[in-house]
Amino acid sequence: MHISEGVLSAPVLIAGAVLSAAGIGIGLKKMSYDKIPQVAVLSSAFFVASLIHVPVGPSAAHLVLNGLLGILLGWMAFPSILVALSLQALLFQFGGFTSLGVNTVIMATPAVIAYMLFSPLTRRTNASVVALGGFLAGITGIAGGALLIALALVATGEGFINVAKVIAITHLPIMVIEGIIAAFCVTFLKKVKPEILEVGK
Amino acid sequence: MHLEEFAEGTSFFHRLDPRVKFISLMPYVIVVALMQNPVYPAIALLFSFLMIAVARINTKKLLNRLAAVNIFILLLWVFLPFGFPGEAVLRMGPLTASREGIIFALSVTLKANAIVLATIAILGTSEVFSLAHALVHLKVPNKLVYLFFFFYRYISVLHEEYTTLRRAISVRAFRAKSDLHTYKTYAYLVGMLIVRSYDHSQRIYNAMLCRGFTGRFPIITHFHMHTRDYLFLILMTVTTLILGILAYNGR
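Taken in order, these protein sequences are the chains called H and G. Counting in our numbering, the first sequence runs from 2 upward without gaps. Counting in our numbering, the second sequence runs from -13 upward without gaps.
Partial chain H-side listing against chain G, Cβ under 8 Å, derived: (1) Met32; (2) Phe48; (3) Gly58; (4) Val193.
In case anyone wonders, no lab produced these hints; they're calculated from the structure. Yeah, the Cβ is synthetic: ideal placement off N, Cα and C, and Gly gets one too.
Model the full structure from these sequences, guided by the hints.
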């Protein structure tokens, strides 16, 4: 989920940079030196997981998992997503350095929202409540991201309205699948290593 | 998983000081990203190509990268020309492509490619770890640099874990389909990766405690500025200034 270089207008890029700086600031404050290895290696895991392509009907989509990341890392999702996107900008040139701020906001804001709304659910002991929390977090991650991409494009120019609509619509099936995967994944973690769900505190 | 495809080499760019690379690339990229009409992005694209040539980048690998980048751009070409209000130049059924829309799509394409090529030539020719080291000198918060350092270091480790898990799944005759079983399998795969990463992080933490980590990494290699670094910095600054002045006054 990202927007390439050279597309967005200056006000949108600046707004993205300022907002992401604020989020990263909060995230870094929450991340004590002790937590750096946890956050870092979990970020590597999510980076590798995003290579997985999941069949969606006739086509395929790669996993984003920002909702799940939010449940695990809370505000630290901001620095985590920033380093992942920087590496992508550096190595694959997907997105880039001027749009780094906007792209971080696009992915990390829904992650933090998912954390605030649904981590109380995933902390409970009832298995179906935990799964529901994961499902809603997965949905929020993608829906929020798609919405923010559309918003950034439309704020740049009204000519982008069609592209924004297409992006929103194509993300609908991905949203459901991410929800299902996040639900199963949270359930799995709860059984195997419940302390991972507490890293974000 | 080989990530640093362009970092090996002995060209002018491979030998530049990573600190200079960041300081000279950032203004250039920002100036190019904010250009409006397509003439100056075209000049920037030529300049970026020139840098690619000097850096002696492998053409085949470069084309692969460019193809990946331009897929998103292609989506813009499908929709942008028809969304912009302006002088109609092409009619297809109910759709009208406007001149302004086409010019905008062209400008985005040129800018994106100019930026990508410059990034590959300048940053792609350094190892990721020396770039991270440079970020410490450029006053990026320490925590962020360490986060990046460990994150990058463990990607290859987790990718190996991922390949192992993947093999275990295919040995059990798994075929990906659009069904719940597939999604469940992938979810557990991701879950297992997360558990493994958590275990790795505990070991790193313990190792840090053993070595008395106090929030600083000792580094044995240090950067030195050479004449070529000053020359490149001046060249990039002048180019960026000229491009900026031309592009923002010449609208």
